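Colleague: Residue strings, one per chain:
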Amino acid sequence: MIDRNIAIKAEDVSMMFNLSREREERLKEYVINLVKGKLFFDEFWALQDISFEVRKGDSLGLIGVNGSGKTTLLKLVAGIMKPTKGKIYTDGSIAPLFAMGSGFDASLSARENIFLVGALRGYTKEYMRKRFDEIIDFAELEDFVDVPLKNYSSGMSSRLAFAIATLVHTDILIADEVLSVGDAKFHKKSEARMAKMREGGTTILFVSHSAGAVQKVCRNAIWLDHGKIVMAGPSAKVCNAYAEFCKT
Amino acid sequence: MTKIEEQMKYLTFLKEVVKRDIKRKYYKSALGVLWTVLNPLLSMLVMTLVFSTLFKRNIDNYPIYLLCGQLIFSFMSGSSRQALNAILGNAGYIRSIYIPKYIFVLSRVIEGFVDLLFSLIALVLVMLFTHAKFTLNLLMLPTLLALVFMFTFGLSLVMATYGTFFRDLHHLYGIFTTLWMWISAIFYPVSIIPSSYRFLLDLNPAIHYIGIMRAICYEGVMPTEKSLVIASCYAVLMLLMGISVFKANENKFFLYV
Numbered sequence: 075m076i077d078r079n080i081a082i083k084a085e086d087v088s089m090m091f092n093l094s095r096e097r098e099e100r101l102k103e104y105v106i107n108l109v110k111g112k113l114f115f116d117e118f119w120a121l122q123d124i125s126f127e128v129r130k131g132d133s134l135g136l137i138g139v140n141g142s143g144k145t146t147l148l149k150l151v152a153g154i155m156k157p158t159k160g161k162i163y164t165d166g167s168i169a170p171l172f173a174m175g176s177g178f179d180a181s182l183s184a185r186e187n188i189f190l191v192g193a194l195r196g197y198t199k200e201y202m203r204k205r206f207d208e209i210i211d212f213a214e215l216e217d218f219v220d221v222p223l224k225n226y227s228s229g230m231s232s233r234l235a236f237a238i239a240t241l242v243h244t245d246i247l248i249a250d251e252v253l254s255v256g257d258a259k260f261h262k263k264s265e266a267r268m269a270k271m272r273e274g275g276t277t278i279l280f281v282s283h284s285a286g287a288v289q290k291v292c293r294n295a296i297w298l299d300h301g302k303i304v305m306a307g308p309s310a311k312v313c314n315a316y317a318e319f320c321k322t
Numbered sequence: 007m008t009k010i011e012e013q014m015k016y017l018t019f020l021k022e023v024v025k026r027d028i029k030r031k032y033y034k035s036a037l038g039v040l041w042t043v044l045n046p047l048l049s050m051l052v053m054t055l056v057f058s059t060l061f062k063r064n065i066d067n068y069p070i071y072l073l074c075g076q077l078i079f080s081f082m083s084g085s086s087r088q089a090l091n092a093i094l095g096n097a098g099y100i101r102s103i104y105i106p107k108y109i110f111v112l113s114r115v116i117e118g119f120v121d122l123l124f125s126l127i128a129l130v131l132v133m134l135f136t137h138a139k140f141t142l143n144l145l146m147l148p149t150l151l152a153l154v155f156m157f158t159f160g161l162s163l164v165m166a167t168y169g170t171f172f173r174d175l176h177h178l179y180g181i182f183t184t185l186w187m188w189i190s191a192i193f194y195p196v197s198i199i200p201s202s203y204r205f206l207l208d209l210n211p212a213i214h215y216i217g218i219m220r221a222i223c224y225e226g227v228m229p230t231e232k233s234l235v236i237a238s239c240y241a242v243l244m245l246l247m248g249i250s251v252f253k254a255n256e257n258k259f260f261l262y263v
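Going line by line, the protein sequences match chains A and B.
Heads up, the first sequence is in our numbering, so the first residue is 75 and it goes up one at a time.
Heads up, the second sequence is in our numbering, so the first residue is 7 and it goes up one at a time.
Extracted from the complex, chain A is given alone in its bound form (with noise of 0.2 Å):
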């Protein structure tokens, strides 16, 4: 049994990627590469042997370069994904906030997207209506509640994204490189909220390529790089020498 103060814990976690089945979207191709006996080369290895264990209420960083696998193992994490091999637990409700939107209609208003993305946490209709005015406020969307998604600016998008995540009863928060979204004044108050949720006990998954951030947010970090564990440890610690990576 696992130890109920875990949030997260991941044991020899590694995901292959079939690059080859890409292609094979077409029945013909399918059957023939079934016949050759070709149906399963181009293996890419995204992530291998990861093990990490998250306390509740602690918040890690993940850092490291493009293609380093931060975003597949937040994917993992958040249940989007199987691990080929390895387990992961959680324990309690995730809220996932990627670059790409979660799970956003852009035909949808504002308005009714927050419902939408709350009853696809799981949240009822009563318990958005309470946080609805909040989430506008924070999002500084009071004159576009019901202008369709596809209208507005990545900007505006993103701002709604985070508030929804954050303003919304939440046990762990995946987060993949938010901060870099918005103006300097939401910048701002994104880390104040995300300092505030840590103090009101969330677990945060947070990835950033920049190591600032990270030590900003988190008080430990793993620095992965393709798809291995180089470091883990305190923040600062593990950010100072990704720093230092970076720079040669």
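In case anyone wonders, no lab produced these hints; they're calculated from the structure.
Given the structure is predicted, the values throughout are model-derived calculations rather than measurements.
Incorrect hints may appear among the rest.
What the hints assert, rightly or not - Once the Cα atoms are required to be at most 30 Å apart in a straight line, the calculated DSSO-like pairs of lysine-lysine come out as: (1) A:Lys156 / B:Lys258; (2) A:Lys161 / B:Lys9; (3) A:Lys199 / B:Lys15; (4) A:Lys224 / B:Lys29; (5) B:Lys21 / A:Lys204; (6) A:Lys130 / B:Lys15; (7) A:Lys156 / B:Lys29; (8) A:Lys161 / B:Lys25; (9) B:Lys31 / A:Lys224; (10) A:Lys156 / B:Lys15; (11) B:Lys29 / A:Lys199; (12) B:Lys31 / A:Lys159; (13) A:Lys161 / B:Lys253; (14) A:Lys159 / B:Lys9; (15) A:Lys156 / B:Lys21; (16) A:Lys224 / B:Lys9; (17) A:Lys224 / B:Lys15; (18) B:Lys25 / A:Lys224; (19) B:Lys9 / A:Lys83; (20) B:Lys15 / A:Lys83; (21) A:Lys302 / B:Lys258; (22) B:Lys25 / A:Lys204; (23) A:Lys102 / B:Lys253; (24) A:Lys270 / B:Lys15; (25) A:Lys83 / B:Lys258.
Said to hold, decoys possible - Partial selection, computed: residues in chain A whose CB lies under 10 Å from chain B: (26) Tyr104; (27) Gly192; (28) Thr198.
C-beta atoms are modelled at their ideal positions from N, C-alpha and C, and glycine is treated no differently.
Based on these hints, arrange chain B on the given structure of chain A.
Modeller: Just chain B now, kept in the frame of chain A:
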């Protein structure tokens, strides 16, 4: 949290998705939801004009005979066809958040079912108009609808799975459903099929559901026990098959969306 509670969490989402899709379907059309009643009525009129002279001697009250088959069949084929795209069409969600994926298939089937319920209004209207007899056997209707729903959901789970992997299926399926429609005795009396080929017809699940529908609404009799048993078997088997195919593959979907 138990497994059931966890699934109940997503009920709100299911409701929202169904509402959204139904709204979108009739978005900006002047008659809106009325189309679900009008559509079967109008196509029934066309078909009746074309076929009623052809089968006059074999079938009396052709409009009802036709509607019974058409409503059940278009729910089965329409929903499973919509399900083909259930995963790809919701790629945005699947890529960005965890959600039990069968929800997307279930929502498509429920949308088709809502359409079916609305088109039953068309059937009742035609029954009234043609002075068909309303009997207590109509009480069997919910049982039949439940069985058809189970079967269609199972079929839809299969179609959603393979529709995600093989996009050619979207084109092929149209042809398949056309063939399926012609072997389901919707427009013609079952009796015109030579008895030596009947067994082929009996293999078609749709025939049994349509047969029960006709017993209830058209002949006004109790469906035979045999037909109910066969229909239930098909429903349970298809549902089990759908669940097992879907479960075995759902973790691979994100690679294809």
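Colleague: Does each hint fit the structure? Answer for all of them.
Modeller: Status of the hints after comparison with the structure:
1. Distance restraint check for Lys156 of chain A and Lys258 of chain B: the Cα-Cα separation of roughly 8 Å lies within the 30 Å cut-off, and the hinted pair is therefore satisfied.
2. Between Lys161 of chain A and Lys9 of chain B the CA atoms are separated by roughly 19 Å; this keeps the pair inside 30 Å, and the hint holds.
3. With a C-alpha separation of about 12 Å, the suggested pairing of Lys199 of chain A with Lys15 of chain B holds against the 30 Å cut-off.
4. A hinted pair counts as satisfied when its Cα atoms are at most 30 Å apart, and Lys224 of chain A with Lys29 of chain B qualifies at roughly 18 Å.
5. A C-alpha spacing of about 20 Å is found between Lys21 of chain B and Lys204 of chain A, which places the hinted pair at or below 30 Å, so the restraint holds.
6. For the suggested pair Lys130 of chain A and Lys15 of chain B, the alpha carbons sit about 23 Å apart, so the restraint of at most 30 Å is met.
7. Of the pairs offered as hints, the one joining Lys156 of chain A and Lys29 of chain B is violated, with about 34 Å between alpha carbons and a cut-off of 30 Å exceeded.
8. Note on Lys161 of chain A and Lys25 of chain B: the hinted pairing is violated, with a Cα-Cα distance of about 36 Å set against a maximum of 30 Å.
9. Between the alpha carbons of Lys31 of chain B and Lys224 of chain A the distance comes to roughly 19 Å, so the proposed pair stays at or under 30 Å and holds.
10. Of the supplied pair hints, the one linking Lys156 of chain A and Lys15 of chain B holds, its CA atoms being roughly 21 Å apart against a limit of 30 Å.
11. Simply put, Lys29 of chain B and Lys199 of chain A have alpha-carbon atoms about 18 Å apart, close enough for the 30 Å limit, and the pair holds.
12. The hinted pair formed by Lys31 of chain B and Lys159 of chain A fails the criterion: a straight-line CA distance of about 42 Å is larger than 30 Å.
13. At roughly 18 Å between alpha-carbon atoms, Lys161 of chain A and Lys253 of chain B fall within 30 Å of each other, so this suggested pair holds.
14. Our distance criterion of 30 Å between C-alpha atoms is met by Lys159 of chain A and Lys9 of chain B, whose separation comes to about 24 Å.
15. At most 30 Å may separate the alpha-carbon atoms for a hinted pair to count; Lys156 of chain A and Lys21 of chain B meet this at roughly 27 Å.
16. Simply put, Lys224 of chain A and Lys9 of chain B have alpha-carbon atoms about 36 Å apart, too far for the 30 Å limit, and the pair is violated.
17. Taking the CA atoms of Lys224 of chain A and Lys15 of chain B, the gap is near 28 Å; set against the 30 Å cutoff, the hint holds.
18. Taking the CA atoms of Lys25 of chain B and Lys224 of chain A, the gap is about 20 Å. The hint holds against a cut of 30 Å.
19. A distance of roughly 21 Å separates the Cα atoms of Lys9 of chain B and Lys83 of chain A; the hinted pair therefore holds under the 30 Å criterion.
20. Among the hinted pairs, Lys15 of chain B with Lys83 of chain A is consistent with the structure: their alpha-carbon atoms are about 24 Å apart, no more than 30 Å.
21. Between Lys302 of chain A and Lys258 of chain B the alpha-carbon distance is near 23 Å, which keeps this suggested pair within the 30 Å criterion.
22. Proximity of Lys25 of chain B to Lys204 of chain A is assessed by CA-CA distance (about 21 Å); at most 30 Å being required, the pair is judged to hold.
23. A hinted pair counts as satisfied when its Cα atoms are at most 30 Å apart, and Lys102 of chain A with Lys253 of chain B qualifies at roughly 25 Å.
24. Distance restraint check for Lys270 of chain A and Lys15 of chain B: the Cα-Cα separation of roughly 27 Å lies within the 30 Å cut-off, and the hinted pair is therefore satisfied.
25. Using a Cα cut-off of 30 Å, the hinted pair Lys83 of chain A and Lys258 of chain B holds, with the two alpha carbons roughly 22 Å apart.
26. For Tyr104 of chain A, the interface hint holds, the least distance from its beta-carbon to any beta-carbon of chain B being 7 Å, beneath 10 Å.
27. Hint status for Gly192 of chain A: holds, given a least beta-carbon distance of 8 Å to chain B, under 10 Å.
28. Here the hint on Thr198 of chain A is kept, as its CB sits about 6 Å from the closest CB of chain B, short of 10 Å.
The structure shown violates the earlier hints numbered 7, 8, 12, 16.
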